[in-house]
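Number of protein chains: 2
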Amino acid sequence: MVKVLLSILLVLVVMISIMGKTQKAAVKKERRVPQTLSKGWGDQLIWAQTYEEALFWARSKNKPLMVIFHLDDCPHSQALKKAFAEDEKIQKLADENFVLLNLVHETTDKHLSPDGFYVPRIVFVDPSMVVRADITGRYSNRKYAYEPSDIKLLLSNMERAIKLVKTEL
Amino acid sequence: MVKVLLSILLVLVVMISIMGKTQKAAVKKERRVPQTLSKGWGDQLIWAQTYEEALFWARSKNKPLMVIFHLDDCPHSQALKKAFAEDEKIQKLADENFVLLNLVHETTDKHLSPDGFYVPRIVFVDPSMVVRADITGRYSNRKYAYEPSDIKLLLSNMERAIKLVKTEL
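Quick note, the sequences are listed as chains A and B, same order. According to numbering that gives the first Met the number 0, the residues represented by the first sequence are 0 to 168, in order. According to numbering that gives the first Met the number 0, the residues represented by the second sequence are 0 to 168, in order.
In isolation and in its complexed conformation, chain A is listed as follows:
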């Protein structure tokens, strides 16, 4: 009899402990993950928060600015983001030679949308604050769009943006 009671007690204790753990997990799940400025485009990179801040850094560091327009619920943006974040050469070049800004919202500066407001869209801006509308991707209808397969073109466009700053000094 005592044995039966003891085993019931044991089962209860185990159940309570399991329930406690489940509840803890549920509470933890409710806590939000802090939003990052990188939004997945490279957690190790340093990102400007706003266009004004990015322009300020571009001028003071004399580095070209790379503005990435994207959206969380756009599969093309997500695919390009993955390719961008996983490409070591791009991440290194971005880290060392660019001022970086990624935005899920348009700015009030229409120069950043030379051919419309689509995403994903990557626009380079010279430290002299001139938008480099001449650095384009592969698609004539959306000049500043890139697909994950265009990642090498993006890399060479980044190299071009750096070279243009240096030669124009």
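Since the hints were made in silico from the structure, they are not lab data. Fair warning: this is a prediction, and the values are worked out from it, not measured in the lab. All residues carry an ideal CB built from backbone N, CA and C; glycine is no exception. A hint or two may mislead.
To be verified - Below, a list of computed lysine to any residue pairs in the SDA-like style, where the Cα atoms sit at most 25 Å apart:
#1 LYS81(A) with GLN34(B)
#2 LYS60(B) with VAL118(A)
#3 LYS38(B) with GLN90(A)
#4 LYS109(B) with SER59(A)
#5 LYS109(A) with VAL32(B)
#6 LYS60(B) with PHE116(A)
#7 LYS38(B) with GLU95(A)
#8 LYS91(B) with VAL103(B)
#9 LYS62(B) with ASP72(A)
#10 LYS109(A) with PHE55(B)
#11 LYS91(B) with THR35(A)
#12 LYS60(B) with ASP71(B)
#13 LYS109(B) with ASP108(A)
#14 LYS81(B) with GLN34(A)
#15 LYS162(A) with GLU146(A)
#16 LYS81(A) with THR35(B)
#17 LYS81(A) with VAL32(B)
#18 LYS62(A) with VAL32(B)
#19 LYS81(B) with SER59(A)
#20 LYS60(B) with ARG30(A)
#21 LYS91(A) with ARG30(A)
#22 LYS38(B) with SER59(A)
#23 LYS38(B) with VAL103(A)
#24 LYS38(B) with GLN77(B)
#25 LYS38(B) with GLU29(A)
#26 LYS60(A) with SER127(B)
#27 LYS38(B) with LEU54(A)
#28 LYS109(B) with THR107(A)
As the list claims (entries may be wrong) - What the simulated footprint calls covered on chain B by chain A, stretch by stretch (three residues with Cβ under 8 Å from a Cβ of chain A suffice, anywhere in the stretch; the number is not a length):
#29 31–44
#30 49–56
#31 95–105
Following the hints, complete the assembly by docking chain B onto the known chain A.
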């Protein structure tokens, strides 16, 4: 002899393993902590990235917008941030009733600096996109500044910003 050799081997293995760990630690230390949008003002809150985005959310959610201007290397900003992040009532009210934006850089909208560009500075904006220059702190020379000791005044100003939206509907 074999014993001596074995013990030397053991010492070598231990040394290599320790060296490996030290190197790993050094590499890890170099990795940057991802930047958060909250910048310490409340990791659990949802922050807009730019003023444009914040205005969009304020209008679409019909909630007042709270813009916090601050600087990382300003001790007054740091002190207010600590008080703001640790005050549960403020965090709850901010989470439930406000669109939130914190900026370390000025915007191009002069309405957000009714009496100058100092930090810390907290400006409320109505969902109708009107800056509430009438919601001020305790100091006549810097109307939108708050000290950590003014946290209750800030809370009542937040409540006022909510009430003004509702009564003006």
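Which hints from the list above does the structure break, by number from lowest to highest?
Violated hints: 5, 12, 19, 21 and 26; rest satisfied.
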